[in-house]
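Peer 1: Taken in order, these protein sequences are the chains called A and B.
Numbering of the first sequence is given in the UniProt record's numbering, commencing with residue 1 and proceeding in unit increments.
Numbering of the second sequence is given in the UniProt record's numbering, commencing with residue 1 and proceeding in unit increments.
Just so you know, these hints were derived from the structure itself, not from any lab.
Note that the structure is predicted; figures quoted are calculated from it, not measured.
The C-beta atom is built at its ideal place from N, Cα and C for all residues, glycine as well.
A hint or two may mislead.
As the list claims (entries may be wrong) - Residues from chain B that keep clear of chain A, each with C-beta distances beyond 10 angstroms, as calculated: (1) 162; (2) 202; (3) 213; (4) 330; (5) 382.
What the hints assert, rightly or not - Chain A is faced by these chain B residues, among others (derived, beta-carbon under 10 angstroms): (6) 86; (7) 134; (8) 241; (9) 304.
What the hints assert, rightly or not - A few chain A positions that, by computed beta-carbon distances, are all more than 12 angstroms from chain B: (10) 28; (11) 101; (12) 270.
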Amino acid sequence: MTTAPVETGPGREDSPYALSHLDALESEAVHIFREVAGEFERPVILFSGGKDSIVMLHLALKAFAPAPVPFSLLHVDTGHNFPEVLDYRDRTVERHGLRLHVASVQDFIDRGELRERPDGTRNPLQTVPLLDAIEKNRFDAVFGGGRRDEEKARAKERVFSLRDEFGGWDPRRQRPELWQLYNGKHSPGEHVRVFPLSNWTELDVWQYIAREKIELPAIYYAHEREVFARGGMWLAPGQWGGPKDDERAETRKVRYRTVGDMSCTGAVDSDADTIEAVIAEIAASRLTERGATRADDKLSEAAMEDRKREGYF
Amino acid sequence: MSTTNAVEGIVDAGATSLLRFATAGSVDDGKSTLVGRLLHDSKSVLADQLEAVEHASRNRGQEAPDLALLTDGLRAEREQGITIDVAYRYFATPRRRFILADTPGHVQYTRNMVTGASTAELAVVLVDARNGVVEQTRRHAAVAALLRVPHVVLAVNKMDLVDYAEPVFAAIAEEFTTYAASLGVPEITAIPISALAGDNVVTPSPNMDWYGGPTVLEHLETVPVVADPSDDPGRFPVQYVIRPQTAQHPDYRGYAGQIASGVLRVGDAVTVLPSGRTSTIEAIDALGQGVDVAWAPQSVTVRLADDVDISRGDLIAPTASAPATSQDIEATICHVADRPLTVGQRVLLKHTTRTVKAIVKEIPSRLTLDDLSQHPEPGELVANDIGRITLRTAEPLALDAYAASRRTGSFLLIDPADGTTLTAGMAGTAFAEAAADATPATEADDDGWDF
Numbered sequence: 001m002t003t004a005p006v007e008t009g010p011g012r013e014d015s016p017y018a019l020s021h022l023d024a025l026e027s028e029a030v031h032i033f034r035e036v037a038g039e040f041e042r043p044v045i046l047f048s049g050g051k052d053s054i055v056m057l058h059l060a061l062k063a064f065a066p067a068p069v070p071f072s073l074l075h076v077d078t079g080h081n082f083p084e085v086l087d088y089r090d091r092t093v094e095r096h097g098l099r100l101h102v103a104s105v106q107d108f109i110d111r112g113e114l115r116e117r118p119d120g121t122r123n124p125l126q127t128v129p130l131l132d133a134i135e136k137n138r139f140d141a142v143f144g145g146g147r148r149d150e151e152k153a154r155a156k157e158r159v160f161s162l163r164d165e166f167g168g169w170d171p172r173r174q175r176p177e178l179w180q181l182y183n184g185k186h187s188p189g190e191h192v193r194v195f196p197l198s199n200w201t202e203l204d205v206w207q208y209i210a211r212e213k214i215e216l217p218a219i220y221y222a223h224e225r226e227v228f229a230r231g232g233m234w235l236a237p238g239q240w241g242g243p244k245d246d247e248r249a250e251t252r253k254v255r256y257r258t259v260g261d262m263s264c265t266g267a268v269d270s271d272a273d274t275i276e277a278v279i280a281e282i283a284a285s286r287l288t289e290r291g292a293t294r295a296d297d298k299l300s301e302a303a304m305e306d307r308k309r310e311g312y313f
Numbered sequence: 001m002s003t004t005n006a007v008e009g010i011v012d013a014g015a016t017s018l019l020r021f022a023t024a025g026s027v028d029d030g031k032s033t034l035v036g037r038l039l040h041d042s043k044s045v046l047a048d049q050l051e052a053v054e055h056a057s058r059n060r061g062q063e064a065p066d067l068a069l070l071t072d073g074l075r076a077e078r079e080q081g082i083t084i085d086v087a088y089r090y091f092a093t094p095r096r097r098f099i100l101a102d103t104p105g106h107v108q109y110t111r112n113m114v115t116g117a118s119t120a121e122l123a124v125v126l127v128d129a130r131n132g133v134v135e136q137t138r139r140h141a142a143v144a145a146l147l148r149v150p151h152v153v154l155a156v157n158k159m160d161l162v163d164y165a166e167p168v169f170a171a172i173a174e175e176f177t178t179y180a181a182s183l184g185v186p187e188i189t190a191i192p193i194s195a196l197a198g199d200n201v202v203t204p205s206p207n208m209d210w211y212g213g214p215t216v217l218e219h220l221e222t223v224p225v226v227a228d229p230s231d232d233p234g235r236f237p238v239q240y241v242i243r244p245q246t247a248q249h250p251d252y253r254g255y256a257g258q259i260a261s262g263v264l265r266v267g268d269a270v271t272v273l274p275s276g277r278t279s280t281i282e283a284i285d286a287l288g289q290g291v292d293v294a295w296a297p298q299s300v301t302v303r304l305a306d307d308v309d310i311s312r313g314d315l316i317a318p319t320a321s322a323p324a325t326s327q328d329i330e331a332t333i334c335h336v337a338d339r340p341l342t343v344g345q346r347v348l349l350k351h352t353t354r355t356v357k358a359i360v361k362e363i364p365s366r367l368t369l370d371d372l373s374q375h376p377e378p379g380e381l382v383a384n385d386i387g388r389i390t391l392r393t394a395e396p397l398a399l400d401a402y403a404a405s406r407r408t409g410s411f412l413l414i415d416p417a418d419g420t421t422l423t424a425g426m427a428g429t430a431f432a433e434a435a436a437d438a439t440p441a442t443e444a445d446d447d448g449w450d451f
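Let the hints inform the model, and build the full structure from the sequences given.
Peer 2: Shown next as structure tokens:
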């Protein structure tokens with residue numbers, strides 16, 4: 001951020017008061033965090049150790065500095081997470097003195113409250129533990145790192161999204177969102193999903209990570225890794241269910257564009273082992289982030305919308 | 001542009017600015033096609049998205065990919081082939097990042113367009129070259145004027161269907177410009193296009209040599225987005241009080257917020273409203289870094305020299321330009337909820353970071369956007385109505401005129417029972433100054449369009 005209006009960078013607008021697009025997006029996201037802190041009783045940040053939630057936490061830390069972030073974190077653990085990501089999660093919580101809630105899909109399966117899907121994908125199973133944690137902890141605002149550029153159904157999402165007592169989203173009954181006036185009013189049992197990164201794109205997130213020198217789990221950068229092919233994607237072998245008999249593991253140089261459940265998050269072939277290389281790769285990519293690496297969105301044309309209606313992020 | 005240049009431009013994070021704009025158009029004006037064309041021709045549509053559109057188009061028996069499918073995101077929209085709700089789209093060129101509020105031209109047009117226009121710095125109004133300026137066009141211009149969108153583009157579409165004839169374009173541009181200027185729209189740019197054929201959307205049209213102006217994208221890339229905040233009075237609504245109370249920061253007390261307008265400087269004498277107490281800005285923390293000066297729309301934390309009692313909802317403003325406070329508010333509103341707004345109704349009013357109880361005292365008039373005629377004492381306002389109301393609030397508010405500040409002149413009315421957003425409010429008179437002199441001859445009586 002510039003320290004005085006006379007310091008303008010090359011290529012900026014002529015005005016000494018111009019803000020770069022990253023400064024504008026940062027300012028907006030911080031405003032959203034502070035609105036929630038000012039109006040809600042029990043907010044929580046969904047934190048998966050993925051880049052969007054990492055950026056979200058970074059913005060929250062800046063929004064309340066030098067005071068600590070006035071929210072706790074919630075991780076919905078599918079039981080199929082990358083070990084590097086869980087390690088990153090725990091180190092982050094420790095470093096910032098945060099409180100972490102973990103909602104475990106495995107616990108629900110062990111108790112017989114959820115059943116494993118035949119395809120082994122656990123991503124859609126996250127909704128039940130998530131809504132259970134929201135209800136048990138009486139969270140009234142739940143921050144998610146979702147971005148509208150990710151998917152067509154998400155393009156319709158509000159910054160403040162009211163969810164009914166079942167966690168459901170009804171796109172036809174959304175509140176209009178005007179100016180920067182966010183309406184967080186809700187009845188007991190309802191909660192509001194809040195998306196401070198709504199207006200960010202994948203490239204903005206990476207540019208911001210570069211500018212702010214934010215550390216990420218190493219799997220976002222190219223590395224040698226054992227993978228196997230399934231459904232047109234490179235998946236990481238693991239106890240979650242692969243490779244099967246007819247699938248062969250091989251070592252390739254890959255990186256991840258998104259980080260979620262191992263069973264549905266694919267790696268991409270890449271030599272990009274620095275942040276600059278990653279940004280150049282994304283800027284030139286002809287595939288969207290989800291198109292390249294997410295199996296769950298390929299289930300049907302309205303997969304994301306249907307999951308969101310049930311309470312998914 | 002070459003791919004290499006595009007990548008270099010995008011990698012340099014500091015080099016781009018951000019433009020928020022909205023589109024408006026009737027159902028058959030080709031708005032979705034224009035948006036699809038902008039996304040497609042600016043290479044913002046990636047291979048897997050295009051593949052999905054091609055697949056869906058084939059399933060419907062269409063030969064060419066239907067670019068409108070890029071923007072219809074919901075199951076019901078695809079099923080019915082209509083756009084239900086505002087959606088936000090993102091694209092970038094090496095020069096600028098764009099946030100597009102894609103507003104449907106369908107039934108609930110007014111509230112949707114008001115929503116999209118509320119944050120837009122530019123509005124694209126589409127007309128069909130064969131039909132010219134129609135009622136819907138006048139509505140769109142009126143909403144852009146009411147919401148005080150700084151720049152308006154008239155995109156005269158389907159020029160391919162009128163043989164790319166200059167006189168057709170010139171007549172429409174002339175009629176629209178005269179009308180919009182009379183409403184006080186400050187800047188109007190008219191561009192002849194064919195969204196379907198791609199003329200003048202991203203690339204200049206070889207079919208319209210007579211047109212010497214910019215393409216739609218070129219205009220979007222170059223329109224100035226930064227007003228000079230030093231022209232505006234400083235307004236800092238307090239969002240949250242930061243008090244770490246830690247060993248490291250035992251006495252830190254900072255007021256966090258986003259500067260709504262103007263410039264704040266260390267050393268400024270300030271007044272806190274509504275209490276009226278005064279102090280001096282001792283320090284400004286811009287997200288972790290101390291600065292001497294900060295301006296709208298930066299999110300910062302302000303510390304004052306004196307220990308003044310300040311909480312969320314208060315407004316800090318330079319003493320020299322502090323606003324007046326009042327419990328009686330006159331405003332133009334757009335009603336956005338399905339249940340009506342009535343005289344005597346008790347509501348919550350959210351203005352900046354402050355939410356207070358209020359009562360609707362009067363509804364003096366309702367506006368018909370088609371011809372800007374006013375209907376006195378309508379009794380109630382229903383969904384999509386625009387009208388004039390007076391309110392009495394339980395506590396004083398430091399409200400600017402919407403004409404002076406979109407941020408501190410706007411408010412929401414909220415249903416206290418269930419939290420529904422009822423109404424979008426704009427304090428003060430309706431249209432900009434120019435409108436005052438442009439009362440149509442048929443409306444001879446009193447106060448013109450300030451209904």
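Peer 1: Hint by hint, note whether the structure agrees.
Peer 2: Results for each hint:
1. 162: Answer for residue 162 of chain B: holds, closest chain A Cβ roughly 33 angstroms.
2. 202: Per Cβ check, residue 202 of chain B is outside 10 angstroms of chain A; nearest 18 angstroms; holds.
3. 213: holds (21 angstroms)
4. 330: For residue 330 of chain B, whose nearest Cβ neighbour in chain A is about 19 angstroms away, the distance exceeds 10 angstroms, so it holds.
5. 382: Fine: 15 angstroms to the nearest Cβ keeps residue 382 of chain B off the interface.
6. 86: holds (8 angstroms)
7. 134: Nearest chain A Cβ about 25 angstroms off; hint violated.
8. 241: Where the cut-off is 10 angstroms and the nearest Cβ of chain A is about 9 angstroms from residue 241 of chain B, the hint holds.
9. 304: Since chain A brings no Cβ nearer than about 17 angstroms to residue 304 of chain B, farther than 10 angstroms, the hint is violated.
10. 28: Since the minimum Cβ distance to chain B is about 8 angstroms, residue 28 of chain A lies within 12 angstroms and the statement is violated.
11. 101: holds (23 angstroms)
12. 270: holds (15 angstroms)
Hints 7, 9 and 10 from the list above are not met by this structure, while the remaining hints are.
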